[in-house]
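Peer 1: Taken in sequence, the protein lines are chains A and B.
Residue numbers for the first sequence follow the numbering used here, so the first one is 1 and each next one is one higher.
Residue numbers for the second sequence follow the numbering used here, so the first one is 1 and each next one is one higher.
One thing to keep in mind: the hints can contain errors.
[Stated by the list, open to error] One-sided excerpt, in silico: chain A residues whose CB lies under 10 Å from chain B: (1) Gly34; (2) Leu107; (3) Ile124; (4) Thr224.
For the record, the hints were derived by calculation from the structure and aren't laboratory data.
Cβ coordinates follow ideal geometry from the N, Cα and C atoms, glycine included.
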Amino acid sequence: MRTSGSGTLDDLFKYLALVPLIAILVVLVIAPVGQLIVTSFSRVRFASGAVVFSPVGLENYRNALQDQVALRALLNTTALAVISVTIETLLAVILAISVGYVHRGNLLFRTVFIFPMLLPPIAIGVMWLMILDFNYGVLNAVLAALGVNGPAWLAHPRLAFPSIIVVDIWHWTSFVFLIVLAGVETLPHELSESARIDGASERQIVWQIILPLLRPIILVAVITRTIFAFKVYEQIFLLTDGGPGNRTEVISSYIMRVFFNQNRMGYAAALSVLTLIFITVLVIGFMYLQSLLTREREARS
Amino acid sequence: MKAPRLDRLVIFSILVFGVVVTLIPIVVVFRTALQLPRDIISGGLLFSPSLHNIQSTFGTYRFGRLMVNSLVSASGATVIVLAVGALAGFSLGIFTWPRWWTALILATLLMIQMLPPVVFAGPFYLISRQVGIYNTPLALIMAYIVLQTPLAVLILHRFSRSIPGELIEAAHMDGARHHVVFTHICLPLMTPGLATAGLLSFVFSWNDFMFAVSLSSTTRAMTIPVGIANFAQDFQILYGNIAVAAAFAAIPGFLMVLFAQRYVTRGLTMGAVKE
Chain A
1 MRTSGSGTLD
11 DLFKYLALVP
21 LIAILVVLVI
31 APVGQLIVTS
41 FSRVRFASGA
51 VVFSPVGLEN
61 YRNALQDQVA
71 LRALLNTTAL
81 AVISVTIETL
91 LAVILAISVG
101 YVHRGNLLFR
111 TVFIFPMLLP
121 PIAIGVMWLM
131 ILDFNYGVLN
141 AVLAALGVNG
151 PAWLAHPRLA
161 FPSIIVVDIW
171 HWTSFVFLIV
181 LAGVETLPHE
191 LSESARIDGA
201 SERQIVWQII
211 LPLLRPIILV
221 AVITRTIFAF
231 KVYEQIFLLT
241 DGGPGNRTEV
251 ISSYIMRVFF
261 NQNRMGYAAA
271 LSVLTLIFIT
281 VLVIGFMYLQ
291 SLLTREREAR
301 S
Chain B
1 MKAPRLDRLV
11 IFSILVFGVV
21 VTLIPIVVVF
31 RTALQLPRDI
41 ISGGLLFSPS
51 LHNIQSTFGT
61 YRFGRLMVNS
71 LVSASGATVI
81 VLAVGALAGF
91 SLGIFTWPRW
101 WTALILATLL
111 MIQMLPPVVF
121 AGPFYLISRQ
131 VGIYNTPLAL
141 IMAYIVLQTP
151 LAVLILHRFS
161 RSIPGELIEA
171 AHMDGARHHV
181 VFTHICLPLM
191 TPGLATAGLL
201 SFVFSWNDFM
211 FAVSLSSTTR
221 AMTIPVGIAN
231 FAQDFQILYG
241 NIAVAAAFAA
251 IPGFLMVLFA
261 QRYVTRGLTM
271 GAVKE
């Protein structure tokens with residue numbers, strides 16, 4: 001027989017087990033976001049070690065709406081997300097379907113293609129610095145050996161942004177690959193087998209059987225990756241630091257600069273709140289789109 | 001799947017091309033790590049390898065200390081994230097809660113995962129200054145807990161829901177209390193989930209740069225990625241040292257993809273794909 005005292009405690013276990021998570025959400029997420037909102041309406045400075053907030057009303061938000069660099073950062077980030085994710089998806093789908101065809105060596109290919117995602121982004125920046133650097137980069141050394149004077153890939157106004165996109169593609173194709181590969185591995189083999197017996201070419205099988213079956217998981221990968229693409233920071237910090245002349249400035253690099261280098265903490269907070277709203281709207285929009293497409297598919301089948 | 005010969009050739013070429021492109025940047029870093037400064041500057045394709053950079057990175061630049069900091073912050077955060085995640089996963093997955101409540105918690109976690117971490121950088125900096133943990137590994141642990149808890153809870157919730165209900169009922173019939181069911185039945189069954197969540201939480205904390213750079217200012221708390229950035233911003237860019245540091249920073253990810261790939265794949269697909 002259980003005693004009534006420990007019985008109550010036992011019933012409480014369901015709630016007690018959730019307390020740490022709720023505590024973290026309240027103390028480390030809700031409170032900081034609350035503070036962020038307060039900060040965004042203030043001017044912040046340090047006075048003898050203490051943080052002092054003085055209210056300025058809507059000033060920070062008014063500045064943000066007229067800030068050309070902030071607009072530039074938003075446009076750059078969006079362009080980076082759209083261009084990189086499109087190419088990453090294309091490459092990842094090709095690689096995942098190809099790996100699905102391989103029996104021997106399958107593990108080797110997967111290992112190599114998944115690897116970039118697990119590297120520290122700052123180390124990825126280093127790798128590409130050693131390739132793209134104007135003076136000591138491998139790319140320009142190879143070009144020099146061919147008798148070509150390589151350009152300043154990271155400092156040239158027209159080349160900096162495409163260079164960043166190349167790095168992003170190298171880094172994140174791995175993520176889309178991993179998700180799409182999970183789909184490839186659950187494909188029913190019987191369908192393509194019977195099509196093959198009926199004399200379908202491999203190309204027809206890929207276009208008419210494999211790709212339609214992969215569509216839902218590709219959609220998930222694209223949506224997740226697009227939202228994650230708005231987090232881009234480290235490689236840009238290391239390779240171009242937003243330059244030349246804001247051409248590679250993104251949301252994160254700009255907010256970090258405003259907060260830590262310019263010490264305009266209230267203004268950085270306002271930019272962060274706007275980012276938060278923007279991403280929330282984006283996420284809700286994507287979820288709505290996804291549910292629409294799922295319903296349409298279910299209606300058709 | 002088995003394809004005709006020509007198609008097989010095309011597929012193989014695509015894959016080999018992919019492997020080469022993926023490996024080039026990695027090879028370049030290892031190459032630079034073994035080059036003497038004069039070989040890096042001369043840009044020649046041939047050189048004799050040297051351990052000079054490794055010695056100077058650990059000797060002159062106190063890189064060992066940065067490694068310790070990286071280890072302490074990443075593993076500290078991982079232990080806490082796992083404890084919180086296992087308990088929350090157990091509570092949400094085994095007991096009956098109102099549907100809106102579970103949905104609210106899971107949606108909040110997903111949302112945190114989607115947000116660009118930069119929105120937390122400012123607040124965490126101010127909080128760490130106010131609480132007095134700025135420039136200590138504790139500040140980094142605080143940040144990594146927030147960043148890694150969502151994925152861990154989502155993974156462990158999924159795992160705890162796959163535990164057969166009969167097992168738990170049988171234990172209750174035998175008079176076992178909930179905490180005993182948790183420690184003796186659920187935790188052992190959730191081991192693969194704990195490994196998945198733990199490995200991902202460790203490697204992503206270890207890889208972080210944004211919070212390490214905003215919450216530390218000296219080698220007291222600085223981690224490897226911050227060291228790399230400092231090398232890169234020195235007035236004379238220390239390529240050899242950067243390359244060595246980057247190679248060491250890549251070790252956890254490298255070990256994971258080699259020895260724990262199953263967990264990585266499962267964990268990340270779980271985070272992205274709903275059932």
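Peer 1: Please flag the earlier hints that this structure goes against, numbers listed from lowest up.
Peer 2: Violated hints: none; all satisfied.
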